[in-house]
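A.B. asks: Heads up: the protein sequence lines correspond to chains A and B, in order.
Residue numbers for the first sequence follow the numbering used here, so the first one is 1 and each next one is one higher.
Residue numbers for the second sequence follow the numbering used here, so the first one is 1 and each next one is one higher.
Simulated from the structure, these hints should not be mistaken for lab results.
Only a predicted model underlies this, so the values are computations on that prediction, with no experimental measurement involved.
Even glycine gets a Cβ: it sits at the ideal position worked out from N, Cα and C.
There may be inaccurate statements among the hints.
Partial list, derived from the structure: chain A residues whose beta carbon lies under 10 Å from chain B [what the hints assert, rightly or not]:
id, residue
1, Leu56
2, Ser110
3, Leu291
4, Val303
Under the rule of at most 30 Å between Cα atoms (straight-line distance), these lysine-lysine pairs were calculated in the DSS-like manner [as the list claims (entries may be wrong)]:
id, chain 1, residue 1, chain 2, residue 2
5, A, Lys324, A, Lys132
6, A, Lys324, B, Lys89
7, A, Lys320, A, Lys132
8, A, Lys259, A, Lys319
9, B, Lys89, A, Lys320
10, A, Lys11, A, Lys319
11, B, Lys89, A, Lys319
12, A, Lys259, A, Lys209
13, B, Lys163, B, Lys89
14, A, Lys259, A, Lys320
15, A, Lys259, A, Lys324
16, B, Lys89, A, Lys259
Where chain A lies over chain B, by a calculated footprint (3+ residues, C-beta under 8 Å) [what the hints assert, rightly or not]:
id, stretch
17, 80–88
18, 236–248
The lines below spell out each chain.
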Amino acid sequence: MKKIIFSRYTKYILLGVVLALMPTIQQMGFIRSATITTFGTIIFYAVVAIGLNVLLGYSGLISLGTAGFMGLGAYLSTFLTENLGLPFFVSILLAVIVPTLAGILVGLISLRTQGMVLAIATLAVAEVFRIKFTQWDAFTGGFSGARAEFPTFFGFEFDRDMTFVFLTVLLVLLMIITDNYIHSSVGRAFLTMRVSEAAAQAMGINLLKYKLMAFALATAYAALGGALYAHFIRFSFPDSWNLGLSLQIVAVIVIGGLKTIMGPIVGSIIVFGVPAIILSRLPVIGDVDGLAFIFNGVLIIIVVLFYPNGLVHIATDVKKLFRKKRTEV
Amino acid sequence: MSTFFQLIFSGLETGSIYALAALGIIIIFRTSRTTNFAQGAIGMFNCYVATVTLINLEVPVWVAVLVGMLTAFATGVFVDLVIIRRAQKVSSVAKQIITFGIIMIFTGLAPIIFGTMPLSFPRFILQGSLDLFGASISYNGLLNIAIGLLIMGVLFYFLQHTKWGLAVRVTASNDATARLMGVPTSMVTMGAWAIAAALGTLAAIMHAPNISVGVNMMENVQVNAFIAIVFGGFQSFHGPVIAAYIIGLSRNLLLFYGSSTWGEPILYGLILLFIVFRPNGLIGKKIVKKV
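Just need the whole structure built from these sequences, with the hints factored in.
C.D. replies: If you want it as structure tokens, here you go:
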């Protein structure tokens, strides 16, 4: 029993349960309906951020192409369900596999570079995607956008709350899977690579193989996040997949905490949740359009300046503080 | 043939804008070790200042430009003093996120102060054009190209032949050693942010007549400036500038002779291929990493 309660997956499942209960709490009238939509947004961006954390946090490679692959996943899933009438499950699978293959191809080319060069190289790829999204009307609907429906499972149509629960389940599953391979030999290879590429190579770690693996994983998560975006928000515009979005995802990781799995959730709540849920409802700040945006910018700068390890560690730090006080007494 | 020269002229004009933006980003990268994503946002904000000054005070265009560049200078100093100087201990990725926070502040501030309506900024020289090689180039285009070249000439002279230029180069090559040698690196960094902000604003003002002054006006310029930096190489100040002109020229040629929809993707693809074979860019020294 103790083993089950204190297993390392407990926190993920607990988080999942809390999130999954939100629609019920909303129906009882404790929170606003729009809050559920905001939390859905938080969840799919967290999925993307967990993927990027594997790349940036664990492997130390920077990519600014996240938005491009997200967009590809969103449009593919929309196109396959709406235009070709494929079942939701098949199309979401394809919407993850195809961008991942594209990501591996991009990785094969761009992973020969490092650091900022890699970041800008992936930015160039994302920019190519964005330009094509605005031009390829048949696939993306151009500037008028692409409309998708809530997911359908074997003839059973989900409503918004069901989709929200589905997102939560996926998130928890992904967190457990990620936790698993990060604590396996793959994760150790990533971490070694991050500290020193030369040392990793000397230990017999195939650099290109593991770099490609991290890149492919990040792409797959981004594409999945994009597909979930398409089916939860149900509308995608080509201009939303820009550099700003990629930067927002990086911000999520840095604020939440690099090299953590819970960090992206915390960061996602700060970056995407706080402006919508808290700031826009405060008296003065919420009244002026854009003021919430400014406050979020200030908040991001303050967190990075004064809490550079990420907000996810705040609980342990507070605990430490109390323990220290107790021993002093 | 006249079309070709027409394309070359407009390519040079676009190239000047990209080059000014790229120069601003590379100066900050070399002195502060961070990629300034807020370059475009700061340029946009101060371009708004120039436009509003022009509309409300009815001053000549050059006065408005001067006002915009002065406020940009002040913005750069402010950003460095209040934020960047306190961020010396954080990692370079975290610093980039700070510049992202700066973007959010400026893009949030702009509509509150200047309204959400897109404004228009006039050309420096409203009319008149010069016929060269069968192609016509507007006086304004010529002026833009000349201003771009002049400012870059002055900056490169400053970097290579003055004491302060030496200080900038020393800080760029090794921040810690420079400080030990008595170089006031924090002054250098502050100056870099101020000058970069002014350059970004100039790029925005030169770009403004082609589009309207809006929150997203610098997005395209900024992406191209970043790509120019990688293409030109991070290790020199002149590499990105040359690359920016190459991008400006070949973008126009490819869009016209290649394909109007695939021109940019082809250009970016070619640059990516180039980076694969020369990861240090056009003019780049290889950095030997010691284990």
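A.B. asks: All hints are to be evaluated individually against the structure, with a verdict given for each.
C.D. replies: Verification of the hints:
1. Leu56: 7 Å, holds
2. Ser110: This hint holds: Ser110/A lies near chain B, its Cβ roughly 7 Å from the closest one there, short of 10 Å.
3. Leu291: At about 7 Å, which falls below the 10 Å cut-off, the nearest Cβ of chain B leaves the hint on Leu291/A intact, so it holds.
4. Val303: For Val303/A, the interface hint holds, since the closest Cβ of chain B sits about 9 Å away, which is under 10 Å.
5. Lys324/A <-> Lys132/A: Roughly 57 Å between the alpha carbons, so the hint for Lys324/A and Lys132/A is violated.
6. Lys324/A <-> Lys89/B: 26 Å, holds
7. Lys320/A <-> Lys132/A: 51 Å, violated
8. Lys259/A <-> Lys319/A: 20 Å, holds
9. Lys89/B <-> Lys320/A: Roughly 23 Å between the alpha carbons, so the hint for Lys89/B and Lys320/A holds.
10. Lys11/A <-> Lys319/A: 17 Å, holds
11. Lys89/B <-> Lys319/A: 25 Å, holds
12. Lys259/A <-> Lys209/A: Holds, because 20 Å separates the two Cα atoms, which is no more than 30 Å.
13. Lys163/B <-> Lys89/B: Roughly 28 Å separates the two Cα atoms, so the pair holds.
14. Lys259/A <-> Lys320/A: Answer holds: Lys259/A to Lys320/A is near 20 Å, not above 30 Å.
15. Lys259/A <-> Lys324/A: It holds: about 26 Å lies between the C-alpha atoms, which stays within 30 Å.
16. Lys89/B <-> Lys259/A: 19 Å, holds
17. 80–88: Three-residue rule met by the stretch 80–88 of chain B, so holds; n is 3.
18. 236–248: Contact hint for the stretch 236–248 of chain B vs chain A: violated, 0 residues under 8 Å.
In the structure shown, a violation is registered for the earlier hints numbered 5, 7, 18, in ascending order.
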